[in-house]
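Once you have looked at the hints, place chains F, V and H on chain E.
Residue numbers (this note's numbering), protein chains in the order written: chain E, 1 to 345; chain F, 1 to 327; chain V, 1 to 312; chain H, 1 to 501.
Source of the hints: derived by calculation from the structure; they are not laboratory data. Since no wrong hints were added, every one of them can be taken at face value.
Capping the alpha-carbon separation at 30 Å, the derived lysine-lysine pairs in DSS-like fashion look like this: (1) E/K333 with H/K16; (2) F/K319 with F/K252; (3) H/K391 with E/K333; (4) F/K171 with F/K313; (5) F/K54 with F/K72; (6) H/K421 with H/K391.
Quick partial rundown of chain V residues pointing at chain H, CB under 10 Å, derived from the structure: (7) Q175; (8) L176; (9) G179; (10) R180; (11) Y183; (12) A184; (13) E190; (14) R193; (15) A195; (16) I197; (17) A250; (18) G254.
Reference listing, derived: stretches of chain H covered by chain V, where coverage requires no fewer than 3 residues with Cβ under 8 Å from a Cβ of chain V: (19) 75-82; (20) 98-105.
Beta carbons are placed, not taken as given, at the ideal position from N, Cα and C, and that holds for glycine.
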Amino acid sequence: MSADEHPPAWRKLLFSYESLLLVVLVAEWFFFYRYGTTTNRRGVLVGFGTLDRQFDILRHSCEIGLLALALTPVILTAGIDLSVGSLLGLCAITFGMLWHDGGLSIPVAAALTLGVGALGGGLNAGLITILRLPPLIVTLGTYSLFRGLAEAITHGAVTYTDFPASFLYLGQERWLGLPTQAWLFLLAAVVVWVLVHRTTFGRSFRVIGFSPEGARYAGLPVGRRTALVYVLAGLIAALAALIYTARLGQAKADAGTGYELFAITAVVLGGTSIFGGRGSITGTLLGVAAIAVLKNGLACLPAVIRLNAAEEMSGMLTGALLLLALTGSILPKILSTLRTRRQAG
Amino acid sequence: MNPIARRLAAALGLLLSLTPALAADARLMITMMPKAKGNAYFISCKAGADRAAKELGVELLFDGPTDSNAAKQNEIVENWITLGVDVITVAAENKEGISTALRKAQKQGIKVLTYDADALPDARSFFVNQATPQGIAYGLLDEAARLCGEEGEFAIITATLTAGNQREWLKHMDVRLAEKYPKLKLVAVRPSDDLKDKAQSEATALMSANPNLKLIMAICTPGTPGAAEAVKQAGKTGKVKVIGLGLPNENKRYVHEGVTESVMLWNTEDLGYLTVYAAAALAKDELKPGATQFKAGTLGAFEIRGDNILLGKPYIFNKANIDRFDF
Amino acid sequence: MNRYFREISVTAALGLVLLAMAVFAPGFFQPQPLLSLVTREAPTLVVACGMALVIISRQIDISVGSQFSVCSICAGVLAARGWPLAVVGPAAAALGALLGAFNGVLVAGLRLPSIVVTLATMVMLRQGLNLVQQGAFVNLPDRVQWFGLSQAAGQWTLVGAALVLLVIFGLAMRQLATGRWVYAVGTDDEAARLAGIRPQLVTFLVFVLMGLLAGVAATMNIVQSPQVQPAVGSGLELKVIAAVVVGGVAISGGRGNVWGAFAGLLLLACVSPALTHLHVEAYWEKTIQGAIILLAVVADGLRQRKRGEGQA
Amino acid sequence: MRQTTSAPLLRLEGIKKNYGAVRALQGVDFELQAGEVHALLGENGAGKSTLINLITGARRPDAGTLTLAGRPLPGLDPAAARALGIACVHQQPALFAELSVAENIGLRLEAGGAWRRVDWPRREARAAELLQRIGAEFPASRTVRELSMPEQQLVEIACALGVGARIVIMDEPTSSLTRREQEQLYGIVRGLRAAGTGVIYISHRLEEIFALADRVTVLRDGVSVGTHAVAAVTEPELIRLMVGREVSQLYPPAESAPGAAVLELRGVGCRAAGMHGVSCTVHAGEVFGLAGLVGAGRTELARTLFGLTPADAGEILLHGRRIHPRSPPEAVALGIAYVPEDRRRHGIVLEMPVAHNLTMAVHPRLFPGAWLRFGAEQALARESLRDLAVKCPGPDALGGSLSGGNQQKVSLARWLATRPKLLILDEPTQGVDVGAKSEIHRIIRRLARDGLAVIMISSDLPEVLGMSDRIGVMRGGTLAAVLPGKSDPHTVMAAALGQSS
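Looking at chain E on its own, in the form it has when it is part of the complex (with noise of 0.2 Å):
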């Protein structure tokens, strides 16, 4: 988690912190393949070792991968974005209603959609930056506002369904080998990868979080780029939405309650810092690869299916890898202080 987007030598490459997050996620995997992994009664390879599991994984974790991607740059800006799980359900039934009410195509629905994303991103944007306000409490606010619209709108009953096969494709089936929404992920993650390490914006954003008095008196649009953060934020949660929508086929109030936690998880696994201007988008989608496998892999382990504890167990598995890897984080300047005590007595 290096401050600076330098191609980096081997060593600092060999040595940071994504490439001991990519050892920890290797290592899961394997073990997840040997002891998930078995043949049933009837010889077929059964559980995590199997393609269908493995795309499986993948179109589990598009919506909460997403969301991560969304919240990377927020988080870089020393912000964050509590929002943005109620935000894809506001999206979702407005998707649903535009296309089934409003009688609109899908394509012309799904544009709104991300435009009402986009909307609800500057709610956010302009309340953080016009007036100043903690983001924390901001997004707490629309937290419950976005949900609480989404519930309003539909008053909490009308369930949309019976999409067209042609959008159901895009979370239910495969293109080019890879479930479609996955291809959809890869695209928003080089989009956004792009943004963050290789252009002016990310690095602005970085300023953002280590100092916006400096970044500010350096002439950089301050506002302009913190309010960039969220409306992006926004607009990726209406994608997500859109695919989660097609994934189950159906658009609910209810849609995505709780994901914020799980993509907060994910991006701080990751290695980028609550604090601001630390951490990568190659962090975050590790991060999020390694709870998603962890998740589903436990789901495939037997002596955890008997006692029907997957969720709770790598819930509970989650948060400790969470503590492990911010005090991983700090162990250098933890070990370095003692290094000058013991030269001190």
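Relative to chain E, chains F, V and H alone:
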């Protein structure tokens, strides 16, 4: 609490000493998915299911979302598909949502059965029908009407505003109200987020907001004791009647105190028991479309109407009979 | 009294709401139901006091909801096994303190960001509880409810207890050196260190206190009904944080007090029953609560701008 | 001149202190008599602040002994130091922004247990009395966040007085005080000395030391290179001791003839910043010094020109064209550069590599289409570092790892990279050691010679007089007078204070 200790020990033990994989035992593998794992209703279903599994000597996997969540249900079903189980039985949180996953399972040659809440007909072979949504709705409403003398105000406490089955019941009730009980007035529908405490607060507010409220109907299991507690604390026992869905054990004390008139529920243990038996039969091709009857172990024969295996009429638990049940 | 502008304005807003209720739905003020509703909020108030402290010390704790649940269930289980409340209560408090101490060690000791630490502990505690309890209710013996007192007596005891705690914290935060230290640490921990205060220790103790209060609140909650549900207290953290922030406690630390948090809590808590009384459909609830939070912070923002602090 | 034979109040012997690999102090001896003002001199990074941290107990020495009035002090911590009557006036006040002045003072002074009751009336009274003693005009109930920098400094001093300290350490106390406040401070210091308090006085302003101190100890590279009676040394000697070399003359001569008008102000004002009716012209190739008391509106004017607080009155002309910068980006695009006063908060980003700091203001030009070009960045960085002879490991070193002087150079280099038409320097040499100071002066000169219009804000009167071609004097938010470069200090001071001389 040694069950806790046991669970934890088991969890760790099994995780560390990596048990022989599922394939090792050549038994049928039947899965059962509740709407929400934590929900006492489904826990008692599981009790029955376990009993059946033991009798039949099949492996039963019971798993589901901790909170009623359609997306998670799909993910778990898809996981089961890749685990290559023999039968999947589901209490669907959302008809359309789950069906996509279930069809996928059928394509893989996995038998699919629904219970408690149905999916789309083409996504499963049979539906173990404890009572049609209409049956539940009408049953509750008729009971309410009887208690209110077919007139006056009543209010409803639901699980969440978004819960699918709840909406369906409400829909049927509206119809019934319009055509049969014009003088009966539904003054409010309040969500309890499946939290007993919130149900209690809501009920309290409902009573003070609607002074001549005659009855509170809770259509989610945590809601019924919550509402009852509220009425009891408001000192309106008898004045405001409580009915609703609920398990005997959670409501016994209120029924005896006369706070809760009656609790409606089919025998959930039997539901679980029957479901597993049907699943096993389905896997062994003993249960085929067109059958009109099905014999489930110690419970005897059940009627099959179309592709619905009927559990029979819901129970009305009241002072008289509630002590005879323990679930 | 510019310094207490926020507290005053929130109280005023609360007053307005109550006034409106008095006009449009006087039924809202029937003593018994009101007492019941207030009693239901008593534990929340206790947690809110703790959260106010945490946020004043420039930290945050989103694991309180899970702590609350864990303490409730453990207390319930002990009570169900026939332990006397006199033991169960303190035990729950102690357990809470222990959980708080865990957060405290990570935040104060290792200096990890509290929002992430408590995010992790929140998930771990909640899922751990699900794992062992599987959602099953815990039935309590009758003597537990209302401490075995009459209902009215029990309710007044709980409300009284909550208010006493509120007053104690209100005074302590203003009148005791320790209370001021929390503010000092929340404003600038390095300056605090130079002033001879030990910020790490203060932060740690604040988290322990938060956990302890969660435990106390849990006990205050289980005595209100004959059953405990494991899902109890889910979502409590956001409710409390919102209340505290609406009450004028600055998320940036060092500003605000428990009185404001109290007003904020009441304001948010009366939304739901108020809607019921005004016969407004339930699905507006979240929207309105969100709007209140935003309104409060927007008010802050505008005021700061007027003071020209937005500049530079 | 006092007797130095009596047992010293404080003695440090063979003090060593390392931060990780950095060897901050390598054997420092220092002694302080009761009732003397002992100046501590040294370039930035010479180890002055480390020494203070050791005396105040904020840090522990790795080796060496501290003895207070003959009693050795092992394991000193802030609380203990305070109890022993050691007080420090920090350069950047370490105050609690959200709390009242009274409470700030109280938290520092009041001893006693955690569970004691706070006696608010006594707090308020005591604070008020202290503030009145140092002649501060703001009430004790005021929240510190609402105070200006110098006002906060006064609060610090009030704390030091309040402890009834036997030893008072003052770390560049006057760096942001107005002349009047400075005079007051001198009075206070003399008062302390008369009361038998030992004062350790740190400053970069030699004239101050000669006005105030009895003895002076010079630190260089973490070693004490000698203690002298002030009466017995001369400025050049001290400077030689500090930098270890002869600094020929502090102020390079003006060699350039002012060219065409670059900036023209006509009655410019900004209500929010409390600045109004500023009219003047700045030419290419001239250094336009801005003198005046702190709070007279100099920084405010700079911030207005830079678009941080947009002007709401009058007109600004750049090369004869009317401009109205509403935000820093606009100002930068117009060719206006502003090197701010507060280096660490505004000047550079401590956590980022020097290279990033250097290119921050030229993103649009250096990275067309917003695409980062690392090669170009490195090249530009190396070039800038070489140009201004910045001492640092390389472009990838973190800004925070540089010494104050070098940080200032980086902050300056960042703006030179924008090839500005107008360069505004705000206290360019504040808290910078003598060596770097003269280098920066030479750079400023060079820039002027190359035809840049430079506005230099400075509270260091000799600097203004030495560097400026013309001197604008601000008072009460407006430009009070424009004087020729070589005017004498008194006229400038008089203009700043508003007396007709």
